[in-house]
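> Can you make the complete structure from the sequences, with help from the hints?
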Amino acid sequence: MNYCSGKGCVVRKLAALSVAIALIVLAAPLGNFATVNAASYISSSGGADGSDYTSSSALAKKLDKVFSGSVGLCSDTSFKSTVNAKLGSSVMTGSNMYYVKNNTTGALTSGWQCFIYANAVYNTLFDEYVGHAQALKHSKVVISGGNTASYSQFKNAGVKCGAYMRTTNKSNGAYNGSSGHSTIILSYSSSGITYLEGNADGHGLVRIAIRTWDDFNRSQLSGKSRYICHVVQPTDSYYNSLYPSSSSSSSSKTTAAAATKTTSKSSTPATTAASSNSSPDPSSCKVSYSRVLSLKSKVMNGSDVKYVQTCLKYLGYTVTINSKYDSTTLAAVKKFQKDLSLSVDGKCGPATWKAMESAVSSKKKSNTSAVAAATKKLSSISIKSKPSRVEYAVGDKLNTSGLALTAKYTDKSTKTITSGFTCNITTLTKKGTTKITVTYGGKTATFNVTVNDALKIITQPVDDSAPLGKEVYFNVEATGTGLTYQWQLSDDGKNWRNSSLKTPKYCVTLTKVHNNRRVRCVVKDKYGNKVISGTATMRIK
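All residue numbers for the sequence shown refer to our numbering, where the first residue is 1078 and numbers rise by one.
Just so you know, the hints here were simulated from the structure itself, not pulled from any lab data.
You can trust all of the hints, since none of them are fake.
Simulated pairs of lysine to any residue, SDA-like, Cα-Cα distance not exceeding 25 Å:
{"hint": "1", "residue 1": "K1579", "residue 2": "N1552"}
{"hint": "2", "residue 1": "K1431", "residue 2": "D1381"}
{"hint": "3", "residue 1": "K1601", "residue 2": "D1530"}
{"hint": "4", "residue 1": "K1489", "residue 2": "V1448"}
{"hint": "5", "residue 1": "K1607", "residue 2": "T1527"}
See below:
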């Protein structure tokens, strides 16, 4: 599989490599990192909000092949470097820069490992090289521009698992080059984003990064003066053609996709059977497989026929549970086989029997999960970590950066909450200890902040005069916490310069140059607030 077409860009995938990829585990203030496989992120029931494809087992397996080292780089005419190292190998160091030929101009364009890695992964998943916009045939840009990212932005754009995200130092950055960063999106939700990145530590290693939106914006975008250049993903039709919900390659399909098909039918159960036959639990009449069931002139009957009919009924197919393999049962079996891409012969042999039992099991698990989700409720919240700032001056705005809650649910599960909550106070107006009440999901928790005097000048400097060679004095008094003083001088009242005096009092011996010189004082508190005093003038008598 080529990463792009044309004689100027020949980048190929290596054969499967046996050595597993080296993953790096970092614990940094700006994000959590894990060495788990990609499939656990895109196959779980708690997959990415806004993505229809997070349950694709085919995509999960493909990503895990990337992680296992089945995709690599090799020395090639398209690369200036002669380093031969598979992606994620410690052989790749910060000094190993790769070069990719531009598909249009043929010029060599530099690109760091993250760019090469993300392009190789995307090409492996979708047979499309993102390095050049002109080469895109099956993909589309779903987000372009902006130096902040959010859940609503990604959800509204319909970003899917496996999308390629490129950041750059320029708001209209290119698809390739050495500026910025390149990643593959695994999942995202209201609480954060999970993505795959290469060259994670500057030495060619690979990791899965799990970040809150604030962390991502701070570490990957605005904090580094970057922008989202673009988020690229295949069109829906092309994506579905590569990763359908079921596959015709197996006659015993037993994945969650099969359960989804059969479960969807259960919402409109058959009405031809008597009420006593309505969706019974197959476990009540379970038997082991012993013979091939089919429609014969002498109708087959027995407990195994009843069990098959009960399974079909439970899965939503039209059938009467009468322990007889009749024409209605034949039609239901054929419909089931067709839905699961099995061989459609109307016979219930070992493959059909196994697929049917698997579909029943998957539906039961799905129903159990749905009930648990429906009954799961928030029971309480508590403060996991206070905001980074808990000390203020009167009049300051409350800053909730760093505030995290622990949400507890009725099923005894917990979740860390960093957004979506409200506080009862936004402006600190009263000196002393102030209790802040945080509300999330109808539950409350509290934390305290300290509020000190507001920064305010209470005594302004006044004009002073003295004979030549004598001293003039100026004084300023202010309220606040952790005050600092900086006296400034001006000869015209417009242009000011700092003096060497940084105390509440200013004293100077008059010379001719001091006559009519103006003074003022800039006062700051420990929170970064500042006030400027009024202007006073020194004169020679």
